[in-house]
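Put together the whole structure using the sequences plus the hints.
Here the working numbering is used: the first residue of the sequence shown is 6, the next is one more, and so on.
If you are wondering where the hints come from, they were derived from the structure by calculation, not from laboratory data.
None of these values were measured; they are calculated from a predicted model.
Any given hint could turn out to be false.
[As the list claims (entries may be wrong)] Result set (DMTMM-like, lysine to aspartate or glutamate): computed pairs, CA atoms no more than 25 Å apart in a straight line:
#: 1; residue 1: Lys128; residue 2: Asp65
#: 2; residue 1: Lys16; residue 2: Asp165
#: 3; residue 1: Lys220; residue 2: Glu187
#: 4; residue 1: Lys16; residue 2: Glu157
#: 5; residue 1: Lys52; residue 2: Asp65
[What the hints assert, rightly or not] Label-pair restraints from in silico Cβ distances:
#: 6; residue 1: Gln256; residue 2: Ile163; range: 25 to 31 Å
#: 7; residue 1: Glu193; residue 2: Gln66; range: 43 to 49 Å
#: 8; residue 1: Arg131; residue 2: Ala95; range: 18 to 24 Å
#: 9; residue 1: Phe232; residue 2: Ala190; range: 20 to 26 Å
#: 10; residue 1: Glu55; residue 2: Ser99; range: 42 to 48 Å
#: 11; residue 1: Phe232; residue 2: Gln180; range: 38 to 44 Å
#: 12; residue 1: Ala248; residue 2: Gln217; range: 16 to 22 Å
In this text, a Cβ means the ideal position worked out from N, Cα and C, and glycines have one as well.
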Amino acid sequence: MSKYVIQAAYKTLQILLVFGEPPHRFTLSQIATCARMEKGQAYRSLKTLEEAGFVRLEEDQRYVLTPVIHTLGLTAYNSSDSSLVKLADAPLSSLATTIRETVALFALAGDYAVCLDIRESNKAVRWSSMVGRAISLHAGAAPKAILAFLPEEEQARILDELPLLPHYTPHTVTQRESLEAELTATRERGYAVGNEDFDPETRAVAAPIFDQGGKVVAAISIGAPSFRFPRSLYPSYSAQVIAAALVVSRQLGYVGGYPK
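Okay, here's the thing in structure tokens:
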């Protein structure tokens with residue numbers, strides 16, 4: 006992390022990402038746990054956000070986001086013709102049409118991967134997510150595709166916190182050595198695999214998106230119910246998701262390659 010980062014401000018802003026997870030309203034204790042903060046620090050951060058108009062405390066003693074955040078989100082979504090969402094629009098649509106499964110765009114935001122856009126399958130049984138959902142980087146295909154390509158120092162910091170991170174399902178990796186091995190494999194092959202480690206009975210593959218400087222900034226994923234996503238489809242789906250991610254990376258100015 007840069008020496009210019011104000012740690013208290015960073016932690017306070019990280020709290021906002023907690024609200025990306027259902028049910029989007031949380032008690033102080035729940036927020037402290039999700040944000041991996043001491044309860045006192047979480048309280049001070051929430052009071053700061055409350056005074057700034059970003060969150061409010063409801064009568065049931067749960068905090069919720071205010072419409073100010075919604076306005077900022079819409080502004081960010083529409084702020085630039087070169088925004089990540091707009092650059093990824095055509096590749097996402099093409100991939101969804103070809104695969105006929107749910108595809109999604111996730112961007113790095115602090116210690117989370119946040120869903121920026123999604124094309125849900127029209128099949129009755131499908132993987133679903135929602136724009137704004139924030140997922141810790143240790144679980145799910147897209148978050149792990151991002152985590153695998155982070156600088157070593159940032160990656161190590163997140164791995165140090167692994168025992169404190171959410172166990173989304175019984176398949177969520179909780180052992181550091183196991184996750185490190187998975188991240189190494191991801192870097193070698195160029196894509197990450199999610200095998201029921203975030204959403205139960207769901208599998209996914211995802212590829213990273215890089216910016217002009219070669220820094221990982223996002224990932225594109227394909228997700229489907231496990232019964233419709235056998236491991237035999239990994240080679241085909243991974244090749245297609247890598248191709249889509251590379252298109253977006255090129256538009257961002259990335260000139261490097263992907264592992265083959």
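Hint check:
no. : hint                           : in the structure
1   : Lys128 with Asp65              : violated (38 Å)
2   : Lys16 with Asp165              : holds (17 Å)
3   : Lys220 with Glu187             : holds (20 Å)
4   : Lys16 with Glu157              : holds (21 Å)
5   : Lys52 with Asp65               : holds (17 Å)
6   : Gln256 with Ile163: 25 to 31 Å : holds (28 Å)
7   : Glu193 with Gln66: 43 to 49 Å  : holds (48 Å)
8   : Arg131 with Ala95: 18 to 24 Å  : holds (22 Å)
9   : Phe232 with Ala190: 20 to 26 Å : holds (24 Å)
10  : Glu55 with Ser99: 42 to 48 Å   : holds (43 Å)
11  : Phe232 with Gln180: 38 to 44 Å : violated (27 Å)
12  : Ala248 with Gln217: 16 to 22 Å : holds (20 Å)
Consistency with the previously given hints fails for numbers 1 and 11, ordered from lowest to highest.
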